[in-house]
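2 protein chains.
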Amino acid sequence: MNYLDQIASPTLLIDEKITRANLKKMADKAQKLGKKLVPHWKTSQSRTVGNWAKDYGIREVTASSISLAEYLCGQGWDSIHIAFPFNIREIPRLNRLAANQTISVQVVNAATAKALAEGLREEVSFFVELDAGYGRTGIQASDEAELEEILTQAGRSQHLKFKGFYIHPGHTYYGKNTSKIHEESQEALALRKAKYLDRYPNLVTRLGDTPGCAVMEDFGAVDELGPGNFVFFDLMQVHLGSCKREDIAVCLAVPVVDIRKDRKEILIHGGGVHLAKDVLMQPDGTKNFGEVVLVTEKGWSIPSHYSFVKSISQEHGIIQASEELLNSVKVGDLLGILPVHSCMTADAMGSYLSLNGQEIDHAEGLR
Amino acid sequence: MNYLDQIASPTLLIDEKITRANLKKMADKAQKLGKKLVPHWKTSQSRTVGNWAKDYGIREVTASSISLAEYLCGQGWDSIHIAFPFNIREIPRLNRLAANQTISVQVVNAATAKALAEGLREEVSFFVELDAGYGRTGIQASDEAELEEILTQAGRSQHLKFKGFYIHPGHTYYGKNTSKIHEESQEALALRKAKYLDRYPNLVTRLGDTPGCAVMEDFGAVDELGPGNFVFFDLMQVHLGSCKREDIAVCLAVPVVDIRKDRKEILIHGGGVHLAKDVLMQPDGTKNFGEVVLVTEKGWSIPSHYSFVKSISQEHGIIQASEELLNSVKVGDLLGILPVHSCMTADAMGSYLSLNGQEIDHAEGLR
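First to last, the protein sequences are chains A and B. Be aware that the first sequence starts at 56, since it is given in the numbering used here, and climbs by one per residue. Be aware that the second sequence starts at 56, since it is given in the numbering used here, and climbs by one per residue.
One thing to keep in mind: the hints can contain errors.
No distinction is drawn between identical chains; accordingly, a pair holds when it is met within one copy or between any pair of copies.
[Stated by the list, open to error] Only pairs whose alpha carbons sit at most 25 Å apart, straight line, appear in this in silico DSS-like list of lysine-lysine:
(1) Lys342 <-> Lys365
(2) Lys169 <-> Lys319
(3) Lys342 <-> Lys248
(4) Lys385 <-> Lys169
(5) Lys91 <-> Lys342
(6) Lys169 <-> Lys316
(7) Lys216 <-> Lys91
(8) Lys235 <-> Lys84
These are calculated hints, taken from the structure and not from any lab test.
Chain A with its partners taken away, still in its complex shape:
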């Protein structure tokens, strides 16, 4: 009996070998460049995958929420960073967490620094997030007054320690000018570091996004790299040139429930609640919610003929199938779907099945 016999319902497969290769490659690159790698753990959200990462010298991780940081607490991490503009309603939870785990948070305004300074009962350090220029989060480079006010507020507390500057250049996901974006981000971090290093001799700078960290070879004076998605990769990253399809480490196994040869369609049990609804637009204007691979006893293989999920509902998806696929599949078979956005698929599924039939943990929708 192999792992495939265990699968009756949509199941997220994880290939440990590919995952470890992705971790090792990024760790080797960081080491070669003399940078500390602090991966963003929002992708796998897994303690087990965390243990794999430790084999490559990774000692710190980043969480996307306090819930995930709580889930990763007690797993031997030197430090966990919560890379989200801190939500001050969570200060009581932060105090409980920081009593047991070295923690840093992210601050983007003085109101948050003030509330933390007043409410913290345990030591917590913080990064100031700088706006990478695409206007999602972070303080703007021009807003010197806000930055000074954050540091002033923090200075009032013995518990709140300034750790450094953080930039997430997420606009590399738009697929243009990755190197120019990284240069600008590196420069913004270098300028801030130069200005504040005298006052804060231990401050560090951290920069992270998978497209940039995967393709760039020069990160200038930045101290730490914080990519996340590279652990699993996905079709979006293939599309951006960060990886090959063969580097994608997770795959949704889905049962075939109907076949319509006349329309070249295969109906699968696997929809929005499993894959999430991230989509790639294809050159011909059709939508791609995931690509079909063939599941095997050893994992999955990428077929030479192209089939993709062209639409999804809550529980099921419709595959636009190649002739080869149509002619080889029957009701009750399993197919594999490479996800467009692996972080969201893993979050939707809430657990993994390894290729030797073991369940691999995920924080499982903790909010």
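Given the structure of chain A, go ahead and fit chain B onto it with the hints provided.
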């Protein structure tokens, strides 16, 4: 202390009064028209909300997956229907479930009927799903041979009972010609019923979609109505004309983490893992991932000024805020977001908070 004081992190609020009003209105309509209402429970996925429904004479529900049917088993439902083209890899689970609960499934091809006939050890009835004409699921009206083969296969088993015909006219979600679509669906069901009633004197027909069931007043000879989303409604349904904003029964409470007056933006803790990523395109081409309401001690109120979530990432969203909202909100406040697609938001969140501070259950991401 009111329920708002409990909220530190994104929390899905449920207004029991609105939910009950939605249930009552649809139940009254069905009763008036002499139809049996069998709501699709994929929206709330809640046992508690199920108990509310029973107060309005609702005795049967539909599940979107066998996991949800398992979750609802033992809650006193006369029957649970799994409205999904049956996945034959789940036959062992179906046998275990059917030992404890009256169950029906949905069949769209003879291969599935054959596998069920061979594998069932407990009585299970089935609907044949007819393609409503938009090509998602179901057998085509012209495919008489497949239908006959399904009935032949089923006839070989003492456990598998033909219950009737089911249509989900989901193309009413495209917002055009709801009444024409319903007429066609009603006619397709009536034709089939007329043809097979002699052979299967107890067969019933069921038709269900929220836009249709909300706005139509005539369902012809159809026996049963199966809408789902109406329990909560959402912005998509407002957009389709099925309800008013005031009828939406759930709202995501989100903490404010940053405010950018220069850009009229408010950054909230609440993103794709909370709201899901369903989106409405607005007339000016901008995207709407949810609309802002003001949370109050009694629930929420719809402001006269319009603010909406214009973009979302995994954990956070950016609100395009009205002047009034910008001037009245501060970091750490809570706002409410009416969801675009309440089924997906509820599925992403996995539980609710009532307005008197009680946690309300949800099947919670069971797959």
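Which earlier hints turn out false for this structure, listed by number in ascending order? 3, 5
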